[in-house]
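Under my numbering, the final residue of the sequence shown carries the number 55; numbering is consecutive throughout.
Check each hint, because a few of them may be wrong.
With a Cα cut of at most 35 Å, we get these calculated DSBU-like pairs of lysine-lysine [as the list claims (entries may be wrong)]:
| id | residue 1 | residue 2 |
| --- | --- | --- |
| 1 | K36 | K51 |
| 2 | K51 | K10 |
| 3 | K10 | K36 |
| 4 | K10 | K53 |
Label pairs and their computed distance ranges (CB to CB) [to be verified]:
| id | residue 1 | residue 2 | range |
| --- | --- | --- | --- |
| 5 | D5 | L40 | 17 to 25 Å |
| 6 | E47 | S7 | 27 to 35 Å |
| 7 | S15 | S50 | 31 to 39 Å |
| 8 | P55 | N23 | 15 to 23 Å |
| 9 | E47 | N23 | 30 to 38 Å |
| 10 | H14 | L44 | 19 to 27 Å |
Since the hints were made in silico from the structure, they are not lab data. Even for Gly, the Cβ is constructed at its ideal location relative to N, Cα and C.
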Amino acid sequence: MDNSPWKDLDHSNARRVNNNGQFDFFWVVVEEKMPALMLRLPIEPISKPKLP
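Use the sequences and the hints to build the structure in full.
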């Protein structure tokens, strides 16, 4: 069974990685059907996240 997060995706859509996540990461498919991870940035600048 193939449970790839980008399964059934094409150039016209994306799938959010985690609906409860702090940032907007999406699985997408780019040129030559290669999977990729995309980060959607807000229009307004945000403060830098606190890292451990």
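The hints, checked one at a time:
1. K36 / K51: Satisfied, since the Cα-Cα distance of roughly 33 Å is no more than 35 Å.
2. K51 / K10: This hinted pair holds, its Cα atoms lying about 32 Å apart.
3. K10 / K36: 11 Å, holds
4. K10 / K53: 33 Å, holds
5. D5 / L40: 17 to 25 Å: Given about 18 Å between the Cβ atoms, the range holds.
6. E47 / S7: 27 to 35 Å: 33 Å, holds
7. S15 / S50: 31 to 39 Å: About 34 Å separates the Cβ atoms of S15 and S50, which means 31 to 39 Å holds.
8. P55 / N23: 15 to 23 Å: 19 Å, holds
9. E47 / N23: 30 to 38 Å: The hinted range 30 to 38 Å is violated for E47 and N23, with Cβ atoms some 22 Å apart.
10. H14 / L44: 19 to 27 Å: The hinted range 19 to 27 Å holds for H14 and L44, with Cβ atoms some 20 Å apart.
Of the hints listed earlier, the one the structure fails to meet is number 9.
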